[in-house]
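**Student:** Spelled out from the first residue to the last, the chains are:
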Amino acid sequence: MNDNIHAIETTALVRRYGRTDAVNGLNLRVRPGRCYGFFGRNGAGKTTTIKCLLNLLRPTSGHARIFGLDPGTNEVAVKSRVSYVPDYVAFYPWMTVRQTLDYFASFRPRWNEQTEATLLERFQLDPRQKTSHLSKGQRTQLGLIAAICPDPELLILDEPTSGLDPIVRREFIQTVIGAYQEGDPGRRTVFVSTHLISEFEGLIDEFTIIDRGREVLTLDADAARDRYRKIYARFAAEPAGLALGGSRVLRRDGRELEIVVNGDAADVIDRLRAHAPETLEVEALSLEEIFVSTVQPTGAVA
Amino acid sequence: MSTLAHNLPVVTKEVRALLYIWGACVLTVAAAVLLGETIALVAGAMATYFGLITLGAQSFGHDYTYRTLPLLLAQPVDRRRIFVIKYGVLVVMMLMLALFAWQVRVGATLFPRDWREAQLIWLATACGLFIAPWLALVCRSVLAAAVFTIAVPGLLAIAGDVAGGILYGFDRAADIDRLKYLVLWRGMIVICAVALIAGWRGFMRLEAIEGRGADLQLPQQISAGSATALVPRRRHPIRLLIGKEIRLQQISFVVVALFVATWLTLSWFERSDPTSRTFPLEMLSFLYSAVVSLLIGALSSAEERQYGTLDAQRLLPIPAWQQWLVKAGIATALAVLFAAILPLALAFVSPTNEPMVPAFVVIWWFQTLAMSLTMVTIGLYVSTLSSSGVRALVAALPAAIGLFVFVQFAAWLIWLVAVRVFGQRFVTTPSVTWLPVLVAWCSVVWWCGFHNHQSSDQSPRRIVVQVSVILAWTVVLLVVLAGLS
Numbered sequence: 001m002n003d004n005i006h007a008i009e010t011t012a013l014v015r016r017y018g019r020t021d022a023v024n025g026l027n028l029r030v031r032p033g034r035c036y037g038f039f040g041r042n043g044a045g046k047t048t049t050i051k052c053l054l055n056l057l058r059p060t061s062g063h064a065r066i067f068g069l070d071p072g073t074n075e076v077a078v079k080s081r082v083s084y085v086p087d088y089v090a091f092y093p094w095m096t097v098r099q100t101l102d103y104f105a106s107f108r109p110r111w112n113e114q115t116e117a118t119l120l121e122r123f124q125l126d127p128r129q130k131t132s133h134l135s136k137g138q139r140t141q142l143g144l145i146a147a148i149c150p151d152p153e154l155l156i157l158d159e160p161t162s163g164l165d166p167i168v169r170r171e172f173i174q175t176v177i178g179a180y181q182e183g184d185p186g187r188r189t190v191f192v193s194t195h196l197i198s199e200f201e202g203l204i205d206e207f208t209i210i211d212r213g214r215e216v217l218t219l220d221a222d223a224a225r226d227r228y229r230k231i232y233a234r235f236a237a238e239p240a241g242l243a244l245g246g247s248r249v250l251r252r253d254g255r256e257l258e259i260v261v262n263g264d265a266a267d268v269i270d271r272l273r274a275h276a277p278e279t280l281e282v283e284a285l286s287l288e289e290i291f292v293s294t295v296q297p298t299g300a301v302a
Numbered sequence: 303m304s305t306l307a308h309n310l311p312v313v314t315k316e317v318r319a320l321l322y323i324w325g326a327c328v329l330t331v332a333a334a335v336l337l338g339e340t341i342a343l344v345a346g347a348m349a350t351y352f353g354l355i356t357l358g359a360q361s362f363g364h365d366y367t368y369r370t371l372p373l374l375l376a377q378p379v380d381r382r383r384i385f386v387i388k389y390g391v392l393v394v395m396m397l398m399l400a401l402f403a404w405q406v407r408v409g410a411t412l413f414p415r416d417w418r419e420a421q422l423i424w425l426a427t428a429c430g431l432f433i434a435p436w437l438a439l440v441c442r443s444v445l446a447a448a449v450f451t452i453a454v455p456g457l458l459a460i461a462g463d464v465a466g467g468i469l470y471g472f473d474r475a476a477d478i479d480r481l482k483y484l485v486l487w488r489g490m491i492v493i494c495a496v497a498l499i500a501g502w503r504g505f506m507r508l509e510a511i512e513g514r515g516a517d518l519q520l521p522q523q524i525s526a527g528s529a530t531a532l533v534p535r536r537r538h539p540i541r542l543l544i545g546k547e548i549r550l551q552q553i554s555f556v557v558v559a560l561f562v563a564t565w566l567t568l569s570w571f572e573r574s575d576p577t578s579r580t581f582p583l584e585m586l587s588f589l590y591s592a593v594v595s596l597l598i599g600a601l602s603s604a605e606e607r608q609y610g611t612l613d614a615q616r617l618l619p620i621p622a623w624q625q626w627l628v629k630a631g632i633a634t635a636l637a638v639l640f641a642a643i644l645p646l647a648l649a650f651v652s653p654t655n656e657p658m659v660p661a662f663v664v665i666w667w668f669q670t671l672a673m674s675l676t677m678v679t680i681g682l683y684v685s686t687l688s689s690s691g692v693r694a695l696v697a698a699l700p701a702a703i704g705l706f707v708f709v710q711f712a713a714w715l716i717w718l719v720a721v722r723v724f725g726q727r728f729v730t731t732p733s734v735t736w737l738p739v740l741v742a743w744c745s746v747v748w749w750c751g752f753h754n755h756q757s758s759d760q761s762p763r764r765i766v767v768q769v770s771v772i773l774a775w776t777v778v779l780l781v782v783l784a785g786l787s
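If you read the protein sequences in the order shown, they are chains A and B.
According to our numbering, the residues represented by the first sequence are 1 to 302, in order.
According to our numbering, the residues represented by the second sequence are 303 to 787, in order.
Hints may be right or wrong, so weigh each one.
What the hints assert, rightly or not - Label pairs and their computed distance ranges (CB to CB):
#1 A/Arg58 / B/Tyr368: 22 to 28 angstroms
#2 A/Asn27 / B/Arg536: 37 to 43 angstroms
#3 A/Ser135 / B/Ile765: 44 to 50 angstroms
Hints are computed from structural coordinates only; laboratory data are not their basis.
Every value quoted in this text rests on a predicted model; they were computed, and no experiment measured them.
Every residue, glycine too, gets a C-beta built ideally from N, C-alpha and C.
In isolation and in its complexed conformation, chain B is listed as follows (with noise of 0.2 angstroms):
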C-alpha cells in the first residue's frame, strides 16, 4: 500500500475537522467582497484573522470537542506521524484561506496599504499555525485556545508599547512604534518557536484526559464557601439558573477583559501623543462589540450540549420558556453591558483626545446597541443548532452576513415599490426608531430559538421553516419601519 493511501484515512479525518471552519471563513471572505459593503469587508476580514486562528486551534482541539482523543491515541499509529499529519493539512487549509483573503483583499478597507494587511494575514497564520495547537493541547478547549491566542500579540503589542514609552518618553511616537514592532514580530518569532517545540512535547507526550483545563476559577474566598461546604444548601432556582448562564460565558469575560486593557492602554497612548494613534479606538469598539455579541449568543445554548448537560436541564422541574428566558435574557443582558454600556463607560472613564459630541454619542450608542441585540439574537439562535460555541460562534458570522445581505436587499426592494407607488423617497430613520422594530425581530429569532433549544430534533426541515418565517418577519418589519419613516 502506498504511503498516501496509508494515511488517507487520517488525512481525510483531518481535512474533515476542519472543513466546517474553513468552508465558513471562505464563504463569509467570498460573501464580503462580493458586497463590497464596508461593514461585510470587516467582517470578511476578521472571519479570515479569527479563522486563521481558530483553525490552528480546532486542528488541535478537535479530539477534545468530540471526545475522541482517547481512541485517536489508542491507534497503532506512531505520534509523529499523527503530529505531521495534523501539521500538513493545517499548513495547506491555512494557506489557501490566507492567500485567497490576501488576493481578494478583504482586509483593505481596515488595513488600507498593502504591506499593512499582508503583516495582518501573516501574524494571523504564524498565530494559527504554531501558537493555537499548543493552546489548545493546554486548554484542552478549541474556543479558550483561539481566546487566548488572539491576545497573544496584543499583549506583545501593549508590551512594546509600554517600552518604548519608559525608554525614550511618551512623547516620541516614531520610536515608540518603531520599538513596538520590534517587541512584536521578535517576540512573535519567539513565542512561535517556543510554541512549535512545546506543541510537539505536549502532543508527544499527550494523556488522554478528558475536559477542559482552562475554566476559569473564582477566587476561594468566593468560591469556598458553597464549594467546600458539606452540608446540603438550597437557593432559589432563578438565581441559580442565573449563575449557571454567567458562568457558561466564561471565555466572554477573558474577551471583555482583553478588550478593557487594550483600551485603556491604547487610549492611554492616544492621551500621551495623539500622533502615536497606530488603530482607531472607534474601530477596535466596533469590532470589539459586533464580536463579544456574537459569542455571548453562540456560547448560550451550545456550551450546554458541548458539556452534556443539556438534557437534564430541560427535565428541571421549571418551565421551560422560563429556563429559555433566563437564558436569553442573561445573554443578551450581558451583549448590552459588554458591547454597548462598556465601551461608553471607557470612553467617558479614560477619554481619547477627541472631543465628545453629546449627539453623536447618543447615536453611535443607539447604533451599537441595535448591532449588539442584533448580533446577539443572531448568535443565540445558531447556538440552538449546534453540538459546540466553536460552531456556532464560525457559523454564526456568515449568518450575520447573510441576513445583512437579506436586509440590504429587501430594504431596496421595498424602497423601489415605495417609489413606485407613492413616488416618494424616505427620510432616513432616526435610530431610536429602529429599536421597538428591532425588539420585535429579536423576539420571533428567541421563539425559533426556543423551540430548538427545548427538543433534541434539529431536522433540517424545521431549519428550513424557521429561516424562512424569520425571513418574512423581517420584511413585515422593514415594511413597518418604511411605513414609520
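Only chain A is shown next, with the shape it has when bound in the complex (with noise of 0.2 angstroms):
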C-alpha cells in the first residue's frame, strides 16, 4: 500500500443547497491508520461532507477522494473498503437481526463472524428479533456491528453514539473502536462526527473544527492539548493595564480571571506573574473545551 495516500482526502469541496453553501472550500487530509475527530455545531456541514466522500451527495466543486479514489467513478472499490454507521439508523422492517446481519455479509468479500458473534452478545441482541421492534439505540448497535463485521479499512461514522446508553456508549468507544483499529494497526482508519468530543477523548489522533463549511482549526491532538491552555489567576486587587494578547478571556470577575491561550502560554503567564497573583493555576485543554473555544461566538477578547 502506498502510504502517501491519504484515507480521506478533499480539496477546496464546495457543497451547496441553493445559496446556502453546506461546504465552502474545504480541505481534509486523513492519514490512515488514524482516528480521526471531524468536530462542528450543528448544521456546521459534516453530514453534507460525509455524503460528498461516499458519493451520496456530488461536490458542486472542488473534489473528494478516499484511498485516492474518486468515490463517484470508483464506487465498489471505495465501497468495498468504507463502512459507514449513519446518525440515523434504519433497515428493512420485515427482516430480523439475523437476516440484517446475512443480507449485508452477502455483500461483502469479508465478514468476520467471530466480531458478529461477540458483538451480538455484548450488546445482548437477539437474532431472531425483528428490526422494527429494535429500539433506536439497538438499531445502532445493529448498525454498527453491520459495519465493523467487513473489517473495513475506514470506519465513517457520524454520530455514533446517538441513542446509546452510557454502559455501551462507553463500551463501544473504548472496546469497540479500539478493538477495530488494534486488529489492523496502521491501516485501520477511523473518522469519527460527533458532539460527544470528550468520550472520543482517548481514542482521537488528530482532528478537524468545522463551521458553517469551512475549516477553522486542523491538529494533531496531542499538540492541540499542548497549544491551548486554560490559564487561572486570582489577585490581591483588580490588575490594571493587564495586557493578555491573543488571549481568549471565559471570566474576567474583579480579581479573579480565567482565559484560554493559544499558542505562546509562558509570555502570557510572564505577564499575570508580573501582576503577583495570588493563585495562578494552568491546565491544558480537552479537546471539548478546545472546541468550544474555537466555535464559541467571540465574547471578551482582551
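Since each chain sits alone in its own frame, please combine them into the complex, following the hints.
**Tutor:** Shown next, in the form of C-alpha cells:
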C-alpha cells in the first residue's frame, strides 16, 4: 500500500444547497491508521461532507478522494473498503437481526463472524428479533455491528453514539472502536463526526473543526493539548493595565480571571506573574474545551 | 386569544399535510376536464375517488409517514381537540374536492347517469371520511389504509352479489342487484358508524408506536427457516436484492389480490346471467392495469426513502447501476406480469360470455403492455423524487396526464408539419411498432431516475433539466414513429 495515499482527502470541497453553502472550500487530509475527529456545531456541514465523501451527494466543486480514488468513478472499489454508520440507522422492518446481518454480509468479500458473535452477545441483541421491534439504541448497535464485521479499512461514523445508553456507549467507544483499530494497526482508519467529543477524547489522534462549511482548525490531538492552555489567576486587587495579547477571556470577575491561551502560554504567564497573583493555575484543555473555545462566538477578547 | 387564533397552527399543519394530495387531485380533475379525452376523464375520475379516500388516510396517517406522532401526542393539547380539528379540516377539503368533481362531471364518462356518478363520489367520500382514518391508525401506513379502504365497498358489493345469487338463484339479475345495493349501502352505513367510533376510540388511546403495523407476513413454513436461523447464511447478492425489491411491493400484491377476487366474482356472475353485468370487465381491467403499474413504479424507490434504508443500500459494495437495474427490472417485470399478463390469463381461465377474437386480443394486449410500461416508468421516475410511496403515487397521476397532453400536442404538431412538408396523412401505426420506440423512451426515463435514485440531491434545477430532456426525447421518438409509419 502506498503510504502517501490518504484515507480521506478533500480539496476545496464545495457543496451548495440552493444559495446556502453547506460546505465551503473544505480541505481535509486523513492519514491511514488514524482516528480522526470531525467536529462542528449543528449545521456546520459535517454530514454533508461525509455524504460527499461517500458519493451520496455530488460536490458542487472541488474533489473528494477515498484512498486516492474518486468515489464517483470507483464506487465499488471505494465502497468495498468503507463502512458507514449514519446518525439515523434504519433497516427493513420485515427482517430479523440475523437476516439483516446476513443481508449485508452477502455483499461483502469478508465478514468477521467471530466479531459478529462477540458483538451480538456484548450488545445483548437477539438474532431472532425483528428489526422493527428494536429500539433506537439497538438499531444503532446493529448498524455498528454491520459496519465493523466486514473489517473495513475506513470506518466513517456520523454521530455514532446517539441513542446509546452510557454503558454501551463507553463500551463501544473504548472497546469496539479500539479493538477494531488494533485489529490491523496502521491500516484501519476511523473518521468520526460527533458532538460527544469528551467521550472520544482518548481515541482521537487528529481532528478538524469546521464551522459554516469551512475548516476552522486542524490539529494533532496531542499538539492541540500542548498548544491550548487554560489559565486561572486570582489577584489581591483587580489588576490594572493587564494586556493579554490574543488570549480569550472566559471569565473576568474583579480579582479573578480565567483565560484560554492559544500558542505561547509562557509569555502570558509571565505577564500575569508581573501582577503578583495570589493563585495561578495552568492546565491543558480537553478537546471539547478546545472545540468550544474555537467555535463559540467571540465575546470578550482582551 | 380567540379560539381560531389558538387553533390556527394546528389547522394550518393539517391543511398543509393534505394540500399535496388535494392539490394533485384538483389539478388532475381540472386537466382531465379541460382535455375532454376519454382516457384523461377516466384518470380524473380515478383521481377523485382515490383522492377522496387517500385524503382520509393521509389526515390520520401522515404523522406516521413523517414520524411526528410522538411530537403530536406530547403536545399539551386535548386529544379530542386534535381529533375534531383533523376531522374539520378533512371534511372541508374532501367536500371541496367532491363538489368540484361533481360540478365538472369528471366521472360522466365512467358512469353516464347522474345518480350513479353522484353515488360513487359520495361513496368515496364516506370511505375517506370514516373508514380510511380508522384504518390509517390500525395499519400505521397511509398507503395500506387507502388500499384496504378501497376494498371495503368492493367486498360488500361482492358479498351482496353472492348472497343474492344464493337467495334468489343466479338467473334473477334484478333481484340480485337490488340486494347487492341494499347490502352495499346498509353495510357502508354500519361500517362507517363502527369505523367512526373505532377511529375516535383508537385516537383517544393512540400510542406513539413507530413503524408499520400492516406488513404482510410470509407463511411461517416459508419464512421460519431464515427468520429463526441463528447461524450466518450468505446468499447471492442479486438474489437478495430481487427479494428485497419484491418485498417492497407488498401493497401492490394486495391490489392484485383484490383485483383477482373482483374479476373472478364478476365474471362468474356474468356467465351465470349476462344481464347482471353492472360494470364492464374491460374497463375494470384497464383501470386496474393503469393503477397497479403506476403503484408498482411509485413504490420502488420512494418506499426505500420512507424506510430510511436508501443510503445504506447505495453504500453496498455493488455497482449502483446493477442495483438500479434490479430495481427497475423487477418493477417492470411485476408491472408486465400483473398489469398485462394477469388480466389476459384471467380472461382465458375465466372467460366471459363475449367470444374472444384473437386479433383483438393481440391488439388489446399490446396496448395494455404499452400502457403498463409507460405507467410503471412514470411511476418509477416520480418515485425517485419522492419521500414516500403515497406522495409518489399522488404525483405520478398528474405527471401521467401531463405527459399524455404533451404527447397529444406534440403528435398534432408533427402531423401538421408533416402534412405541410410532405402533403400526406399518416396511416395508423400498428401497436407492435410502438414497442421498440417505447422501450427507447423508457430507457432515457430510467437513466434520469437512476441519477435521482443514486444521489440525495433533488434540486429543482436538476428536475427541470431532466424533464426537459425527457420531453425532448419524447418529441424525437414521435418524429421517428411518424417516419416509421
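**Student:** Please go over all the hints and tell whether each is borne out by the structure.
**Tutor:** Hints, one by one, checked against the model:
{"no.": "1", "hint": "A/Arg58 / B/Tyr368: 22 to 28 angstroms", "result": "27 angstroms, holds"}
{"no.": "2", "hint": "A/Asn27 / B/Arg536: 37 to 43 angstroms", "result": "40 angstroms, holds"}
{"no.": "3", "hint": "A/Ser135 / B/Ile765: 44 to 50 angstroms", "result": "37 angstroms, violated"}
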